[in-house]
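Residues per chain, in single letters:
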Amino acid sequence: MSGARVGVIGAVMLACIAGPAAAKKLKVKSKGQVSVEGRAFTDDDIERTEDLGLGLAARLEANAKYKPFEGQLRLFSRVDGLDDTRNLVAIEELYLGFKMKPVRLRVGWQLLNWSATEAFHPADMINARNYDSRLENPDKLGEPMVELEVRFWEGNIAGYYMPIRRAPILPRAESRLSPFPKRLEVPIGSPLFSGRDRQISDDMLEHQWAVRLEQTLGDADLSLHVFQHVDRSQPTQVVDLTTGEIRPLFHFVTQVGGTWQQVFGPVVGKLEVGHREFGFPRPAERYRLTHREMLDHTQIAAGLEVGWGVGQGEGTVIIEGQVMLVWDEPQLDEPDLGPFQRDALLGYRHSFNDVAGTLLQAGIIVDLEDYSEMMIVARFERRLGDVWSLQANVRAVLAEPESPAGAAVAELQAVGLERWNGANELNLTLSRFF
Amino acid sequence: MPPRTARRLPARALPLALSTLALAAFCAPAAADPAAKGLEIARKCDAANAGFGSEEARVEMVLVNAGGDRVERKLGMKTLEVGDDGDRSLLTFEWPPDVKGTRLLTHAHPGDDDDQWLYLPAMRRVKRISARSQSAAFMGSEFAFEDLGGQEVSKYTWRLEGEEKVGERDVWKLIRVPTNKRSGYSKQVVWMDKQYCQPVKIDYHDRKQTLLKTMTATAFARHGKWWRPQSLEMVNHQTHKRSILKWAERSMQADLDEDDFDKDALED
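Protein chains in written order, with my numbering: chain A, 21 to 454; chain B, 53 to 320.
No lab work stands behind these hints: they were computed from the structure.
Any given hint could turn out to be false.
Unchecked claim - Under 10 Å between C-beta atoms, here's a sample of chain A residues computed to sit facing chain B:
1) Phe-118
2) Ala-136
3) Ala-240
4) Pro-286
5) Asp-316
6) Ala-322
7) Asp-374
To be verified - Only pairs whose alpha carbons sit at most 20 Å apart, straight line, appear in this in silico SDA-like list of lysine to any residue:
8) Lys-119(A) x Glu-310(B)
9) Lys-51(A) x Glu-310(B)
10) Lys-47(A) x Pro-149(B)
Beta carbons: idealized from backbone N, C-alpha and C, even for Gly.
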């Protein structure tokens, strides 16, 4: 009998013996949803922008555990019949892991959530976002990384290495959620990165890392983090002199920060802090900076959640505020660091705790420097039977940019939330879960 | 004519009367103080139910509305006894599919608010929450969070009302009043089985002192030395809805430790 045959017979015998045991040890779970998503913006009277979207979306998730190993997959895709700029296939999670107490190792694409507060997220910065989703809380994209976590005391310490610069999804110029002036037909190019070496390039490779310590101390949860990576939340712009395109430029940043959550009876207090120091890009022949450099700053968000029983349901009032403290140029009255810079949120969430899982949520975010600037959001969710669910989101943005030189100049000079003035949206999603 | 016993009593009844008096004197503190006796029974049953270490179960819940329509919910439950503190529990929602994977971790503390965290799988977020409104409905059912949470003796004041039979079962009838002001109940009437040391029936009275719900425990099974009901039915007398919790699988002294009940465990 040849060696190959012996090998095959041996393998079959081994499979017969080990198969049932392996099957018993292997645990596979899956779930998914298929949704019809519709969104409609109030008309902005601009021909080239797309005010309507109607698409079919799917999210598939599978998890396999074969102790001490695990694997996870979560994919999202959307095909939009009216606005094909929203067509998307995204990896949210795809990793292999190994877990043996107190150590956990994961390699692949992951979604991390380091948030404590509800509206503003200074600490939750690792993942790139899809900015053509929800303006107030954009969807995250999976970040390729190696994670090593060690549990100790009442929490853990985790280290992350992220070798790839994952670009965010930016809305096209035709999108109502685009941060660029809508009336000007400026060609928008692909993203650029300013790396650790401060060179501007579109190279995808970069050494990026993070360390996070998380502990529970009695009624409080605390976390501290430090990381160096390419920030994907606050781009500036450059002109590509070879193509004439405006291209978003993402900067290398060092961030230290943390979160704190503590329960005081029916009240939960929350604090989230991130201090960022950016690397200024070196001049490059091909690119001209059109925007002032990124300013080192500290973002602080704090809030309270107060809950109480209402019949069989629960009501929760959410109060949050956020400030950006700019250290480099404190005399600058209006640093342009994102849609939310010095704002407060007042929100209410009502869980009916009924068979349909009905949820109603409403909130208003007001600019504390200009009370006429605000965003109003409302959300309604209800299960229809066991496997269908309806979700409605409404958002209104009231942040008119002003300039004595007229509306077109005002739009060019818009900062913060002003860039999305009038991006009033109704979003309806009907989902079938399985 | 005077009763015959009146004349006979002194001669025959004296030893009996003395014995009764002696017995009454011996039992007086408990008999005269139903609160002390109630607390003693509650503690005795608490001790009888302790020592299981940990428990893992799969539970199905059927919600029936006044018209008889039924919907089903499924969840996994894990519990860990902690020697000098309240129990730790982890609930994992498995059905309906839109909430599949959502988890609620509770660290109960006798005499203090519980610590709770909610895991939202869609956002991969672990969220610290205040001990939920005690009276809020659990998954749209007739069970409130406080009905299913830790039933530590110190969370109530107790009183023994008497001894009765529920069906064929011998029970103590106890009144317990929640000490937590956020409880949705003014009092609960508990029929505690003498053998199982578990409630076989509880009447829940709302804050207006009106009978709100009745829970009935049935199909008791022995797991090691511990008796546990395999089914709990809660009937709401005001809405005429009812909810039935059924244990599909249950294992005591499961292979669980404290690491299975910390925040990290929510994401596993």
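We went through each hint and held it up to the structure:
1. Phe-118: Since chain B brings no Cβ nearer than about 13 Å to Phe-118(A), farther than 10 Å, the hint is violated.
2. Ala-136: Where the cut-off is 10 Å and the nearest Cβ of chain B is about 8 Å from Ala-136(A), the hint holds.
3. Ala-240: holds (8 Å)
4. Pro-286: At about 5 Å, which falls below the 10 Å cut-off, the nearest Cβ of chain B leaves the hint on Pro-286(A) intact, so it holds.
5. Asp-316: violated (28 Å)
6. Ala-322: Interface hint status for Ala-322(A): violated (15 Å vs cutoff 10 Å).
7. Asp-374: holds (5 Å)
8. Lys-119(A) x Glu-310(B): holds (16 Å)
9. Lys-51(A) x Glu-310(B): violated (28 Å)
10. Lys-47(A) x Pro-149(B): holds (18 Å)
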